[in-house]
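Quick note: the sequence shown uses full-length UniProt numbering, first residue 1, plus one each step.
There's no promise every hint is true.
Below, a list of computed lysine to any residue pairs in the SDA-like style, where the Cα atoms sit at most 20 Å apart [said to hold, decoys possible]:
{"hint": "1", "residue 1": "LYS260", "residue 2": "ILE334"}
{"hint": "2", "residue 1": "LYS102", "residue 2": "ARG91"}
{"hint": "3", "residue 1": "LYS188", "residue 2": "ILE162"}
{"hint": "4", "residue 1": "LYS342", "residue 2": "TYR246"}
{"hint": "5", "residue 1": "LYS207", "residue 2": "TYR266"}
{"hint": "6", "residue 1": "LYS283", "residue 2": "GLN320"}
{"hint": "7", "residue 1": "LYS249", "residue 2": "GLU336"}
{"hint": "8", "residue 1": "LYS278", "residue 2": "PRO316"}
{"hint": "9", "residue 1": "LYS198", "residue 2": "THR258"}
{"hint": "10", "residue 1": "LYS102", "residue 2": "ALA89"}
{"hint": "11", "residue 1": "LYS207", "residue 2": "VAL319"}
{"hint": "12", "residue 1": "LYS238", "residue 2": "THR211"}
FYI, nobody ran anything at the bench for these hints, they're computed from the structure. Since the model is a prediction, treat every value here as computed from it, not as a measurement.
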Amino acid sequence: MDLISSRYRKPKGHPSKRRKMLAENSKKRWQKSSKTVEKTVIRACCFGNVFICAQHANNGPKNICQMHAQLIRKKQRGEEKMLEMSRQAARETHVKVDASLKNQEIIDVSVSYDVAGRDMGVDWAEFHIWKKGHADECDKNFDGTSGAMEMHAALIMWRRSISDCQMRFVSMLNDGDSKTFQFLSDNKIYGSDIKIEKEECLNHIAKRLGTSLRNKVKEWKVKKVTLGGRKQRSLTDKNITKLQNYYIKAIKDNVPDTDKMKTAIYASLMHCSSTDKKPMHGKCPEGESSWCFYKRAIAKGETPESHSSMRTYLSPQVVQKVMPVYQRLASDTILERCVAGKTQKFE
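Can you build the whole structure from these sequences, using the hints too?
Put into C-alpha cells, the structure is as follows:
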C-alpha cells in the first residue's frame, strides 16, 4: 500500500504555487533567449527567398520587438524588389518561348497555386509572452479560417495581375480542393468573357485514386466482402501504391491525347488481372518495346511467360469492384484537366 500511494499520490505543493512556479520558469527561459539575441552582433533572418541582415549597434533597437519591426521594414522593401524581378523574369521567359507575345501588352499565363500553413504552438506559455510584446508591431491583415485566407490571397493575386504584372492568370494548377478556383470564377476577375481554367496536379489526382481504392476496401468489408488482406491477388496497400504509379505514368506518357491516356489507364488495370487461361492484354501497347511482357513476346515471335511471374496480380472480383473508381478518374472531364501533365512539385 505504501508503494502504491507513493507512486500515485499528488505532487507536493499547493496548486497555485505550482502554477506560479511554471510561469516563472517559462519567463526565465524567454528572458534567457532574449539576452542571447540582443548580444548577437549581426543577426541573419530569412523571409522566403529574401535574406536580410540587421546590425545591432549602441544606438540600434533596444529589444526584440524593435528589432523585429526594423527587420519587417527591410523585409518589405526587399520583397517588393524581389517580386518585381520575378515578374519581369516570368514575362521574359514566356516571350522567349513564344516570340509572338513580345509586342503584346498583356499575356496569358498559367499559375501553380497552393497555400500551406503551420502550427505556431499557440498553447505554449512562451507564445503568449511573445504575443503580448509583439502586439504593437504586428502586421496581421486577415482574420478567418485558413481556407478563407487562401481564397482571399488568391483574389489579391489575380486582381493585381494586370496592373502589376501585365499578365492574366487564365489557368490554375492546384490540388483537388476546388474552393479557391470556384471563388475566383464567381468573382469574374477578368470579366464575363475570360474564364479561368482549372488544371489538375497529377500527384494529387493519383493520390485521389489511392484514397478511393482504400475506401472501396472499407466499403466492401462492411458488406462482408474482402478485397484487401494478405491473400494473393488482393488489393493490398502495396498493390494500391503500384496502381497509383501506373495511373500517373499512363497520363504522363500520353499527354496531351486524352484517348490514349484513357486506354493506357484501363490497360494498366486489365493487365494486372490477366491469367494464363484468360489473358487481358487487349489494351496493352503493341511492339517489341512494349512494357507488357505478353505483347512484347508476341511481337518477337516468342511464347509469353506465365502470368504467375507478374508482380502486381489482382483477382477478377477486385477488378470488378474497383472499376467504378477507374471509370470516374478516367473520365473525359478529369483527363482534359490533365493535358498539361503538370505537378505542383518542381523538380
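Outcome of the hint check:
1. LYS260 x ILE334: This hinted pair holds, its Cα atoms lying about 14 Å apart.
2. LYS102 x ARG91: Given that 20 Å is the threshold and the Cα spacing comes to 9 Å, the pair holds.
3. LYS188 x ILE162: Holds. LYS188 to ILE162 sits at ~14 Å (cutoff 20 Å).
4. LYS342 x TYR246: 16 Å, holds
5. LYS207 x TYR266: Given that 20 Å is the threshold and the Cα spacing comes to 17 Å, the pair holds.
6. LYS283 x GLN320: Holds, at roughly 17 Å.
7. LYS249 x GLU336: 16 Å, holds
8. LYS278 x PRO316: 10 Å, holds
9. LYS198 x THR258: With Cα atoms ~16 Å apart, LYS198 and THR258 stay inside 20 Å; holds.
10. LYS102 x ALA89: Cα-Cα ~13 Å, so holds.
11. LYS207 x VAL319: Holds. LYS207 to VAL319 sits at ~19 Å (cutoff 20 Å).
12. LYS238 x THR211: Given pair LYS238, THR211 holds - Cα atoms ~13 Å apart, limit 20 Å.
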